[in-house]
Amino acid sequence: MTPFADNSATQNGQDDERLLPLLTRCLNGDQRAFGEFYEMVSPGVYRLAYSILLDRHDSEDVVQEALVYAFRNLRHYDPARGTIRTWLYTITVSRCRNARRRKWLPTTALSHLLSIGVEPPAPVDHTPEAAIARMGVRDALEAALATLSPRLREAVALRYGQGLTYREMAEVLDCPQKTAESRVRLAHDAIRAALHSADPLSESTLLEELWSFQSG
Amino acid sequence: MTTHNHVTDLLSAYVHGHLSAQHRQRVTLHLRTCAACRAALERENAVLHDLTAYMPTLGKPAPDQLRRLWPAIWSEVRTVPRQPLRMVPSAGVLLAMLLICAFSMSALVGGTTHAMAAPNPFVPSDMRATNTPIRTDSPEHIVGDESAPLPSQTASPLPMASPAPLAVRWNGPDNR
Numbered sequence: 258m259t260p261f262a263d264n265s266a267t268q269n270g271q272d273d274e275r276l277l278p279l280l281t282r283c284l285n286g287d288q289r290a291f292g293e294f295y296e297m298v299s300p301g302v303y304r305l306a307y308s309i310l311l312d313r314h315d316s317e318d319v320v321q322e323a324l325v326y327a328f329r330n331l332r333h334y335d336p337a338r339g340t341i342r343t344w345l346y347t348i349t350v351s352r353c354r355n356a357r358r359r360k361w362l363p364t365t366a367l368s369h370l371l372s373i374g375v376e377p378p379a380p381v382d383h384t385p386e387a388a389i390a391r392m393g394v395r396d397a398l399e400a401a402l403a404t405l406s407p408r409l410r411e412a413v414a415l416r417y418g419q420g421l422t423y424r425e426m427a428e429v430l431d432c433p434q435k436t437a438e439s440r441v442r443l444a445h446d447a448i449r450a451a452l453h454s455a456d457p458l459s460e461s462t463l464l465e466e467l468w469s470f471q472s473g
Numbered sequence: 004m005t006t007h008n009h010v011t012d013l014l015s016a017y018v019h020g021h022l023s024a025q026h027r028q029r030v031t032l033h034l035r036t037c038a039a040c041r042a043a044l045e046r047e048n049a050v051l052h053d054l055t056a057y058m059p060t061l062g063k064p065a066p067d068q069l070r071r072l073w074p075a076i077w078s079e080v081r082t083v084p085r086q087p088l089r090m091v092p093s094a095g096v097l098l099a100m101l102l103i104c105a106f107s108m109s110a111l112v113g114g115t116t117h118a119m120a121a122p123n124p125f126v127p128s129d130m131r132a133t134n135t136p137i138r139t140d141s142p143e144h145i146v147g148d149e150s151a152p153l154p155s156q157t158a159s160p161l162p163m164a165s166p167a168p169l170a171v172r173w174n175g176p177d178n179r
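Sequence order for the protein chains is A and B. Numbering-wise, the first sequence is residues 258 to 473 according to the working numbering. Numbering-wise, the second sequence is residues 4 to 179 according to the working numbering.
Hints were generated in silico from the structure; no laboratory data involved. Beta carbons: idealized from backbone N, C-alpha and C, even for Gly. Be aware that one or more of the hints could be misleading.
Said to hold, decoys possible - In the SDA-like style, the derived pairs of lysine to any residue whose C-alpha atoms are separated by at most 25 Å in a straight line are:
#1 B/Lys63 to A/Glu274
#2 B/Lys63 to B/Asp53
#3 A/Lys435 to B/His21
#4 A/Lys435 to A/Arg354
#5 B/Lys63 to A/Ser351
#6 B/Lys63 to A/Gly292
#7 B/Lys63 to A/Pro407
#8 B/Lys63 to A/Ala400
#9 B/Lys63 to A/Val394
#10 B/Lys63 to A/Thr422
As the list claims (entries may be wrong) - Here are the in silico distance ranges between beta carbons for each label pair:
#11 B/Leu34 to A/Gly393: 22 to 32 Å
#12 A/Gly286 to B/Gln28: 58 to 68 Å
#13 B/Glu45 to A/Pro433: 23 to 33 Å
Produce the complete structure using the sequences and hints provided.
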């Protein structure tokens with residue numbers, strides 16, 4: 258196997274022109290091609306998994322599961338249905354959902370499920386918003402991502418983390434393109450709200466609208 | 004359009020390019036005259052910039068982090084996956100199924116044989132029908148007339164279906 262190189266910076270530039278010959282070699286039983294294929298795609302798969310799960314160990318598990326499945330099913334890849342990258346990301350998103358279910362089921366407290374508020378609310382100084390305000394941009398963004406629902410996090414990860422088009426997103430998420438666009442906008446709004454918890458515009462706008470309504 | 008009709012709800016779609024031409028023009032015109040919405044637009048653009056700049060670097064793997072996973076992945080890929088469980092019955096189950104089938108078939112065949120055998124019950128020779136014509140002019144003659152045909156043998160269109168084991172003696176209305 259060739260020395261491992263971190264290709265994550267160039268993952269967005271990887272395309273089927275480079276991957277398809279490797280895939281053909283893999284199908285012909287070339288073991289070295291499997292290693293090269295793994296080096297090319299694994300950083301992108303890992304980044305996608307981490308952007309969705311926000312956990313290093315879970316993301317590594319997803320990389321392993323997704324690529325084992327992909328290598329075993331290379332012959333089932335159909336170029337007519339999408340690029341290799343979208344095929345791999347479809348598998349990755351599916352494995353991330355499975356990992357989230359596995360982790361969610363045994364660890365979620367019943368009180369949290371029922372929202373009965375057994376635990377006392379966090380002090381004001383320790384709210385996520387206050388914590389975000391003390392962080393750097395990258396950490397703040399990661400903390401803001403953690404406040405999103407999994408579906409919105411998938412949309413942000415695919416759109417901004419992997420640079421997919423909305424059409425490609427729709428393929429990966431198995432949803433209409435308009436739904437993919439809507440999820441990106443909702444995620445954008447939620448991240449803005451988390452980064453700027455106190456939005457002065459919303460208050461001033463509300464007062465202004467109220468004033469105009471009363472005077473009118 | 005007044006300055007009070009803020010377009011903050013459309014700004015997210017505006018920066019993502021999801022608006023129709025008509026709505027986009029409306030937002031553009033409003034932004035020229037509304038400082039509050041321009042400030043909101045700057046915030047939306049800042050979020051968009053952060054997402055575009057930092058998301059590609061989020062989760063960047065450490066050196067050799069993914070290389071450590073490769074041996075386990077390759078080992079698993081080379082392992083022949085277990086075939087899904089096939090419904091092949093064992094010899095005992097197969098024998099039991101054959102016995103059940105044989106028993107069911109014998110029961111069916113036996114039931115049919117019994118039904119076929121029913122039309123031929125034992126009838127004493129002295130009660131069997133003869134070609135002697137029935138005399139209807141004298142009911143008294145029928146009583147005790149052993150040569151008269153059995154009602155079931157003359158009335159039933161399906162003589163095998165319900166044979167009468169015993170001859171019914173017609174004593175006429177006077178015996179009732």
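Comparing the hints with the structure gives:
no. : hint                            : in the structure
1   : B/Lys63 to A/Glu274             : 24 Å, holds
2   : B/Lys63 to B/Asp53              : 16 Å, holds
3   : A/Lys435 to B/His21             : 9 Å, holds
4   : A/Lys435 to A/Arg354            : 22 Å, holds
5   : B/Lys63 to A/Ser351             : 21 Å, holds
6   : B/Lys63 to A/Gly292             : 20 Å, holds
7   : B/Lys63 to A/Pro407             : 20 Å, holds
8   : B/Lys63 to A/Ala400             : 16 Å, holds
9   : B/Lys63 to A/Val394             : 16 Å, holds
10  : B/Lys63 to A/Thr422             : 21 Å, holds
11  : B/Leu34 to A/Gly393: 22 to 32 Å : 30 Å, holds
12  : A/Gly286 to B/Gln28: 58 to 68 Å : 59 Å, holds
13  : B/Glu45 to A/Pro433: 23 to 33 Å : 31 Å, holds
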